[in-house]
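S.K.: Below are the chains, spelled out letter by letter.
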Amino acid sequence: MAADRKPSQLFRNLNAKVAAIPMILTACVVFVGGTLWTITYSFTNSKLLPRETFVGLEQYERLWSSNKWLISIENLFIYGVLSLIFSLVIGFLLAALLDQKIRFENTFRTIFLYPFALSFIVTGLVWQWILNPDFGIQKVVRNLGWENFTFDPLYNAEIVIYGVLIAGLWQGTGLVMCLMLAGLRGIDEDIWKASRVDGIPKWKTYLLIVIPMMRPVFITTLVIIASGIVKLYDLIVAQTGGGPGIASEVPAKYVYDAMFLSQNLGQGFAGSTMMLLTVLIVLIPWAYLEFGGKKHG
Amino acid sequence: MVDLSAPTSAPLATAPSRTEAGPSGRKPRRSISRANIFLYGTLIVFALYYLLPLYVMIVTSLKGMPEIRMGNIFSPPMEITFEPWAKAWSTACTGLNCDGLSRGFWNSVQILIPSVVLSIAVASVNGYALANWRFKGADTFFTILIFGAFIPYQVMLYPIVILLREMGLYGSLTGLVLVHTVFGMPILTLLFRNYFTSMPEELFKAARVDGAGFWGIYFKIMLPMSLPIFVVAIILQVTGIWNDFLFGVIYTRPDLYPMTVQLNNIVNSVQGVKEYNVNMAATILTGLVPLTIYFISGKLFVRGIAAGAVKG
Numbered sequence: 010m011a012a013d014r015k016p017s018q019l020f021r022n023l024n025a026k027v028a029a030i031p032m033i034l035t036a037c038v039v040f041v042g043g044t045l046w047t048i049t050y051s052f053t054n055s056k057l058l059p060r061e062t063f064v065g066l067e068q069y070e071r072l073w074s075s076n077k078w079l080i081s082i083e084n085l086f087i088y089g090v091l092s093l094i095f096s097l098v099i100g101f102l103l104a105a106l107l108d109q110k111i112r113f114e115n116t117f118r119t120i121f122l123y124p125f126a127l128s129f130i131v132t133g134l135v136w137q138w139i140l141n142p143d144f145g146i147q148k149v150v151r152n153l154g155w156e157n158f159t160f161d162p163l164y165n166a167e168i169v170i171y172g173v174l175i176a177g178l179w180q181g182t183g184l185v186m187c188l189m190l191a192g193l194r195g196i197d198e199d200i201w202k203a204s205r206v207d208g209i210p211k212w213k214t215y216l217l218i219v220i221p222m223m224r225p226v227f228i229t230t231l232v233i234i235a236s237g238i239v240k241l242y243d244l245i246v247a248q249t250g251g252g253p254g255i256a257s258e259v260p261a262k263y264v265y266d267a268m269f270l271s272q273n274l275g276q277g278f279a280g281s282t283m284m285l286l287t288v289l290i291v292l293i294p295w296a297y298l299e300f301g302g303k304k305h306g
Numbered sequence: 256m257v258d259l260s261a262p263t264s265a266p267l268a269t270a271p272s273r274t275e276a277g278p279s280g281r282k283p284r285r286s287i288s289r290a291n292i293f294l295y296g297t298l299i300v301f302a303l304y305y306l307l308p309l310y311v312m313i314v315t316s317l318k319g320m321p322e323i324r325m326g327n328i329f330s331p332p333m334e335i336t337f338e339p340w341a342k343a344w345s346t347a348c349t350g351l352n353c354d355g356l357s358r359g360f361w362n363s364v365q366i367l368i369p370s371v372v373l374s375i376a377v378a379s380v381n382g383y384a385l386a387n388w389r390f391k392g393a394d395t396f397f398t399i400l401i402f403g404a405f406i407p408y409q410v411m412l413y414p415i416v417i418l419l420r421e422m423g424l425y426g427s428l429t430g431l432v433l434v435h436t437v438f439g440m441p442i443l444t445l446l447f448r449n450y451f452t453s454m455p456e457e458l459f460k461a462a463r464v465d466g467a468g469f470w471g472i473y474f475k476i477m478l479p480m481s482l483p484i485f486v487v488a489i490i491l492q493v494t495g496i497w498n499d500f501l502f503g504v505i506y507t508r509p510d511l512y513p514m515t516v517q518l519n520n521i522v523n524s525v526q527g528v529k530e531y532n533v534n535m536a537a538t539i540l541t542g543l544v545p546l547t548i549y550f551i552s553g554k555l556f557v558r559g560i561a562a563g564a565v566k567g
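As given, the protein sequences belong to chains Z and U, one line each in that order.
Numbering follows this note's numbering, with no gaps: position 221 of the first sequence is 230.
Numbering follows this note's numbering, with no gaps: position 23 of the second sequence is 278.
A few of these clues could be false.
Here are the computed lysine-lysine pairs in the DSBU-like style, where the Cα-Cα straight-line distance is at most 30 angstroms [claimed, not checked]:
| # | chain 1 | residue 1 | chain 2 | residue 2 |
| --- | --- | --- | --- | --- |
| 1 | Z | 77 | U | 475 |
| 2 | Z | 148 | U | 475 |
| 3 | Z | 110 | U | 554 |
| 4 | Z | 213 | Z | 202 |
| 5 | Z | 202 | U | 529 |
| 6 | U | 475 | Z | 211 |
| 7 | U | 529 | Z | 26 |
| 8 | Z | 26 | U | 342 |
Think of the hints as simulated: they come from the structure by calculation, not from any bench.
Treat the numbers as computed from the prediction; the structure is a model and nothing was measured.
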């Protein structure tokens, strides 16, 4: 019998294969299958239930002519760019300060990082309260004597996204600091000695030598922050609920609302496909740089 | 990836210091120099910014409503009252029912425990198979899995609704547990795979020679030797699952909502007078579990989040 002479390839490592079934199912059915399913159905006119009537790019045309979606994209862009810049700058600054052989380093690090343990819901609710114009910062400053002081980001459609940004930075910069600190600790002591011998000022050493050396750390951090930004949802729901009006809508909320509140599945699928596209635009160049086009690292 | 072990290794203090002058003979610097004032000043200002919300939360939750309307949010309470805490826990209303956050808390516990156990069990076995029992095609699946960690959840939300509905689990806690297991898998598998790969291979080979099989090696050798990574995984999953909002709101029914969803419903409900002290007490209560984990676990938490950062 053939099977006796040559043990089938399929049954080698059988236990390992059985053990890997959950992983294989997750990868193939949920991740690949789910993604392809959503992309396919974004070309249909599904409303309350998914339907197989294909309508071409109609959903995308509607998406890009919807005011709510355009505002969502604009918000995501403003929030994304500013959040990237500020969290990298603040995160690096804090890490550099902590790297000066200071006392109480652990205390400071604990303080900077604790918001990261909290959920976006908690973050959003706290900052909603602090930025409340009737009780929060605005009132406190007015009571100090500046009667006309105005600071009501959550009630002003023009600047609401910056109010969300303050909360987002509060929650997330600790993580960036941690990653940066890991990078700084990985720099060879000899670099610092050499730059001291040459009499290069400290800030110049950071700017011209250390930061270029930390390029991989910066890229990894960038990818981590960027993929988090696209998922921005909980914070908006808790802090502003998308308001005032639709001024602080974001794509993730648009997708959720379309799928589960307004029974407009097609719009939800089209919106989420656009989100996927955004992530791929960030991810593919990174994967290419990181793995040099190889399959895995 | 970044070298994650670096910030957690304390013995740096013994390494030659880079800020102090070398043997060139300069006078040792005084500790209160202008640079030091600037350094600590900046750090303290930042620390205040980070601590402010926590302070405001606690202070507000201990005041009565009249005091909140009169005073400012930064002043300490004149009369400390724990009534808001009691109300937030047991009688605050979320639209339909008025039994406070306690319901959400127990729901979250019921979601948390099986999700953590199941996701770690599955991922550790996966990681073990990938590290020691490599089979053809394993790397392909693993690559897909890792890329899956970056795909926005929104793309997979509805297909999962359909899958759960087919299995009859849509709206149940079991369904949500499965969802957490699936989405925890990429990062946890990576974590375990890397850890098992770093273990000496002789150990594995010796066990093989002695006749131990797949499960024997896993339970008798790998498991006992990898407790630290299990602790990291537990920290990662407990905070991640406790803080989840999106999956909770989509895959469960209102009476099974986890704590975060219920908190949001209590605070952002439109009807009734806003009771800010109750809201803040509820907010602290919800944040208490991950905060406790954070303060207890310290450096392990740093390792956990640095590894789990990809999860977003």
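S.K.: Each of the hints needs a verdict: does it hold here or not?
M.R.: Hint check:
1. Z/77 to U/475: violated (57 angstroms)
2. Z/148 to U/475: Violated, at about 63 angstroms.
3. Z/110 to U/554: holds (18 angstroms)
4. Z/213 to Z/202: Roughly 14 angstroms between the alpha carbons, so the hint for residue 213 of chain Z and residue 202 of chain Z holds.
5. Z/202 to U/529: Status violated; Cα separation ~59 angstroms.
6. U/475 to Z/211: Violated, at roughly 52 angstroms.
7. U/529 to Z/26: Given pair residue 529 of chain U, residue 26 of chain Z is violated - Cα atoms ~56 angstroms apart, limit 30 angstroms.
8. Z/26 to U/342: Not OK: residue 26 of chain Z and residue 342 of chain U at ~52 angstroms, beyond 30 angstroms, violated.
Against the hints set out earlier in the document, violations occur for numbers 1, 2, 5, 6, 7, 8.
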